[in-house]
Amino acid sequence: MMAGASQSKRLLVACLLLSLGLASAAGPTVEPIGASDRSAAVSLFKVQDDGSYGGLKETYEAAKVFAALDSFPADPSKTFAYLKGVKPGDVEAAFYAIGAAAALKHPEAQMSGQILVASEGLSKGTTLDELYHGAVALATAKKAGWLKKNSVDKKTLQAALKKLQAFVTEDGSWRSVDDDSDGTALASGKGLEAVAALIELGLSTSEAGVQEIKGSVEKLVGSAEASDDSFVFFDASSGSPLLSTAAVAKGALSLSAALGESLPIVEKLPGVAQYLLASKSTSSPVLLSELVDALSIISTNSFSVPLVVSLAKTSLSLKSNDKLEVSVSTPLGAPVAAPVTLKRAKRAGAENALFTNENLEGGAFDFLASKPAVGKYTLVLEVEAPERHAVVSPVKKELRVLGSATVSDVMLTVEDDGGAKKEHKVPASKDSFRAAKVSATHSDKLGLQFKVIGPDGAAFAPQQTFVRLAHKSGVDALFPAKGAGGAYSFELGLGEVRDKMYHQSGAYTLELILGDPFIENSLHTVVANLDLKLPPAPEGAPPPPADLSEDVAPPAEIAHIFREPDKRPPTAVSTLFTALSLVPFVGLLIGFAALGVSFKGFPSSGPALISAVMFHTGLAAIAGLYVVFWLKLNLFQVLGALAVLSVFTAFSGHFILSSLADSKVKTA
Amino acid sequence: MAALGKPLLLVVLLAVAAVHQVGAFSEETPTDQRILVLLDDFGIKATHSMYFKSLTDRGYDLHFKLADDASLALQKYGAYLYDALIFFAPTFDVLGGSLDVAVILDFIDSGHDVVLAAEGGASDVVRDIATECGVDLEEEENAVVVDHVNHSSLDADHTIVAASDLIQSKAILGPKTIEAPVLFRGLGMSVNPSNELVVKVLTAPPTTFSSSPSAKVAKVPTAHGRNLVLVAALQARNHARVLVSGSLDLFSDKFFLASVEKKTPGAAPTNFEKSGNEQFAVEATKWTLHERGHLRATNVRHHKVDEVAEGAVYRIRDEVEYSLDIQEWDGAKWVPYHADDVQLQFFLMSPYVRKALTSNKKGHFSTTFQIPDVYGVFQFKVDYHRLGYTDLNLAKQIPVRPFKHNEYERFIGAAYPYYSSAFSLLFAFVIFGVVFLYNK
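Residue numbers (the UniProt record's numbering), protein chains in the order written: chain B, 1 to 668; chain G, 1 to 440.
Calculated from the structure, these hints are not laboratory results. Note that the Cβ used here is the ideal one computed from N, Cα and C, for glycine as well. Heads up, a few of these hints could be off.
Said to hold, decoys possible - Looking from chain B toward chain G, a few residues come up when the C-beta cut is under 7 angstroms (computed):
1) 287
2) 315
3) 464
4) 522
5) 557
6) 568
7) 578
8) 585
9) 596
10) 597
11) 598
12) 601
13) 620
14) 634
Claimed, not checked - Taking CB as the label site, the calculated pair distances span:
15) 499(B) x 270(G): 36 to 42 angstroms
16) 496(B) x 296(G): 48 to 54 angstroms
17) 370(G) x 571(B): 24 to 30 angstroms
18) 139(G) x 166(B): 51 to 57 angstroms
19) 33(G) x 162(B): 42 to 48 angstroms
20) 403(G) x 654(B): 39 to 45 angstroms
21) 105(G) x 545(B): 26 to 32 angstroms
Take these sequences, add in the hints, and give me the full structure.
See below:
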């Protein structure tokens with residue numbers, strides 16, 4: 001468990017360095033609160049219509065930040081009115097109301113209601129938070145002159161101290177409730193601040209409790225953790241180390257001030273200030289107000305103010321006349337006059353130091369006077385701290401010297417398979433190139449030569465010298481340009497890149513990319529517009545990859561093609577043939593009429609007559625049924641009707657036909 | 001005993017139901033609210049406060065935990081405790097509690113969303129999760145993305161790339177175009193182009209390469225330019241979404257507020273007071289948490305054009321109307337979806353008809369078409385796959401029959417000669433019969 005915790009802390013430091021560090025080797029940049037931080041901090045708080053900053057707690061945080069940075073809003077009258085109107089509630093609200101009013105230097109607030117709540121909280125409070133809020137609120141009110149004399153009696157203070165003592169654990173840290181739980185740094189800071197407040201309210205410093213607590217500070221400060229970069233912070237394992245560290249610094253320093261003697265925290269202040277500044281965040285109101293509040297207490301303490309050494313510019317351009325400017329200030333950014341010596345300045349990779357033991361007069365030094373080579377320099381600065389100030393010395397700082405490179409003699413060659421070479425000069429001036437226009441085929445060889453000259457006029461090798469061949473479809477390939485002594489060349493057989501370019505012919509660009517961390521005019525430019533004719537893709541070659549980052553169009557619509565109806569003859573033809581088909585029928589009728597058919601054989605009486613009528617009616621009905629079938633009926637209806645009609649016709653037909661046969665036999 | 005058992009069972013059922021309230025995004029309970037945020041250290045809460053605030057402002061319940069917290073668990077009694085995971089802990093090699101790569105992958109497999117951020121020196125845990133999501137993080141030691149042309153002035157090593165090659169998808173990045181470049185510091189990634197579930201959300205400029213910032217670059221690194229992916233997104237087949245960023249700083253307040261310069265070859269650079277990071281991070285996270293691009297189809301109906309009731313079977317050549325409602329989840333409710341590229345397919349082995357559905361701009365899509373003269377068991381199919389949107393795959397079977405024998409045309413002009421000859425023969429037979437039998 002212990003091993004795990006310490007591992008996690010080490011990791012935490014590593015993360016901190018990673019997440020905070022913009023610079024790499026020299027660790028996170030530590031700079032005092034500057035103008036940009038101020039404006040970011042002030043713009044973080046926006047006053048609402050009711051004069052608050054979104055709530056009582058937020059108003060308190062805003063007021064603390066304004067007071068610490070000494071940049072108050074132009075017209076705080078609305079906020080004053082808001083604070084005056086805050087109804088007394090619990091002790092925490094009283095703490096915020098009094099704290100905000102005092103920080104904003106409220107001209108007329110008496111806060112008597114809130115003070116009453118605060119003193120009640122101090123006398124009846126049972127948790128660390130209640131006692132802390134009560135004591136600090138009352139001390140703040142006393143400082144603002146709002147507290148009537150002797151309004152807090154000695155007994156209350158002594159009782160409060162006794163209650164506070166119960167929160168101190170054996171290792172010097174404090175817990176927030178009176179039980180057996182482990183202490184935290186955040187609670188310790190609050191506890192120490194509460195004790196300091198009690199002393200300011202009139203508690204005698206000779207009390208045994210006070211002395212005991214004073215003794216515990218050493219243990220608490222001893223539990224501080226430190227990283228390689230001389231950062232000092234508290235309690236990374238529980239909660240935010242930034243809040244914990246700010247709280248401990250605030251509490252221990254307040255106690256030092258109240259006691260009038262230097263407590264062990266004072267020696268740790270440079271590291272604490274470094275840590276707080278390295279992890280400063282101007283986006284969270286809570287963190288910002290705690291941070292700025294702690295930094296302001298650190299910057300104004302009367303024992304030892306830690307100094308922050310920063311460079312006005314961390315990179316100098318050879319084009320400019322910039323000087324190396326070193327400023328020494330308090331964490332809050334107030335300049336402090338302190339002599340600075342440049343002990344050593346050495347470029348990474350160089351054998352000898354460029355400068356040794358140079359005095360920086362007025363903090364400035366003409367670093368570029370000797371036209372140093374571009375690169376990263378490590379500066380070792382020695383700062384002599386004036387009295388009652390402390391500094392981690394010597395300080396290591398990183399300085400970059402930047403310059404610009406020039407590209408010249410850019411030559412594009414196209415060599416065909418016979419060895420004939422065509423040369424195209426690419427006129428270059430500073431950063432702009434007039435791109436050559438070239439056409440080539442797959443059997444050609446493309447070449448590019450150029451020279452790179454560094455800021456000092458000598459050959460220069462940038463970190464990145466790439467040549468890019470790009471098709472308009474977005475397919476591209478990168479090649480390194482190889483070179484020595486500043487002269488670079490690049491050669492490419494266009495046949496070799498066919499596969500990479502997916503056999504696409506057409507417009508290509510040949511681009512040059514030159515880049516280096518120490519070159520200001522890194523370059524990405526088109527040197528040639530190529531018209532390449534590549535042979536078509538062989539069968540089975542993969543097509544250019546579809547770009548999945550763009551939406552594909554929906555597939556094409558499909559309309560069904562219906563079977564075409566059969567061709568039909570014109571109506572006239574059909575009508576003619578209909579008429580023709582009726583001709584035999586008509587002929588039959590005419591024939592019968594011509595023959596003079598008679599119906600003398602038709603039975604005249606008896607059952608034969610009935611059956612003859614029925615038989616022929618039946619036959620006619622069946623014929624009629626077929627006509628109706630055609631006109632409207634379906635097969636099943638027809639079959640039903642046909643079943644009835646056929647039985648009826650069959651019987652009657654059998655009867656009449658047999659009677660006709662009989663009569664024929666008789667007559668014969 | 002039985003009397004005692006029943007209430008007990010009820011209690012258990014109720015408890016199970018209560019636990020199941022916390023699930024992945026589902027159409028029944030589409031609110032995706034509880035998010036576990038895993039951090040390397042609590043300082044990230046402060047340095048990335050604007051990002052977290054954007055989430056809490058939208059009503060999410062964030063639970064911050066250190067990634068090595070011994071009490072970490074995603075599940076309790078078989079039910080998930082969180083709807084989504086924000087993994088901002090790129091350095092821990094071993095996760096605390098019951099968490100490991102497999103558990104996080106199961107979380108995704110059960111439909112939950114993850115935002116994953118890496119940075120230079122990312123742990124194997126982050127790499128393994130990313131790999132399983134189809135994204136390969138740069139493996140070269142000390143390598144980070146470097147760009148000497150398109151970079152931010154925040155870092156002198158040129159490791160903060162100002163990238164502006166964004167995915168063209170309003171679903172993923174929101175309706176407003178992101179004008180300013182997005183700042184990125186961290187690991188480059190590559191995605192397999194044949195993996196259609198992973199898309200490149202942010203791609204590096206052509207001048208970027210992946211290398212150790214101080215090393216000399218003798219050969220072109222494999223990861224460079226446009227095949228260097230900075231942020232990728234996965235939408236799994238179960239609609240779980242994973243956003244993988246090679247940079248944790250991309251989400252930081254510092255980058256949100258940084259000013260940036262956009263360079264275009266051959267033109268003067270444009271200055272932006274604020275980088276595109278905030279808009280990018282917030283919008284991409286909205287997509288990841290299903291606040292955009294999640295579609296559902298309801299009210300799917302079809303009927304003959306002049307009828308109201310849904311047919312059980314249609315005849316060839318019928319005019320049929322097909323309609324459905326499509327809605328999109330906007331984070332709080334279902335809103336009508338509008339598009340003109342939703343297509344209906346009438347499908348039998350292959351599509352016979354493919355037709356765009358017209359939208360009435362209130363989420364109702366419909367079209368009419370004539371059923372082809374082919375019979376068989378067809379399907380009404382709507383397969384809607386659009387970048388950034390969840391897929392809609394609707395299929396409904398419908399048999400199509402040929403004409404009945406009495407549904408064919410009866411009075412064909414060209415056939416009148418046949419009709420007339422048949423009937424004349426018929427009647428001639430009747431008359432002939434009479435004449436034959438009775439003539440004397």
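Structure-based check of all given hints:
1. 287: holds, 5 angstroms
2. 315: Constraint on residue 315(B) satisfied, holds at 6 angstroms.
3. 464: holds, 6 angstroms
4. 522: Holds - the Cβ of residue 522(B) comes within 7 angstroms of chain G, reaching about 4 angstroms at its closest.
5. 557: holds, 5 angstroms
6. 568: holds, 4 angstroms
7. 578: holds, 4 angstroms
8. 585: holds, 4 angstroms
9. 596: violated, 9 angstroms
10. 597: At 5 angstroms from the nearest chain G Cβ, residue 597(B) passes the 7 angstroms test, so the hint holds.
11. 598: Interface hint status for residue 598(B): holds (6 angstroms vs cutoff 7 angstroms).
12. 601: OK, holds: residue 601(B) within 7 angstroms of chain G, min 4 angstroms.
13. 620: holds, 5 angstroms
14. 634: Cβ of residue 634(B) sits 5 angstroms from chain G, so the hint holds.
15. 499(B) x 270(G): 36 to 42 angstroms: Once the Cβ atoms are compared, 38 angstroms apart, the range 36 to 42 angstroms for residue 270(G) and residue 499(B) holds.
16. 496(B) x 296(G): 48 to 54 angstroms: Given about 51 angstroms between the Cβ atoms, the range holds.
17. 370(G) x 571(B): 24 to 30 angstroms: holds, 27 angstroms
18. 139(G) x 166(B): 51 to 57 angstroms: holds, 55 angstroms
19. 33(G) x 162(B): 42 to 48 angstroms: holds, 47 angstroms
20. 403(G) x 654(B): 39 to 45 angstroms: holds, 41 angstroms
21. 105(G) x 545(B): 26 to 32 angstroms: Since the Cβ atoms of residue 105(G) and residue 545(B) sit about 27 angstroms apart, the hinted range of 26 to 32 angstroms holds.
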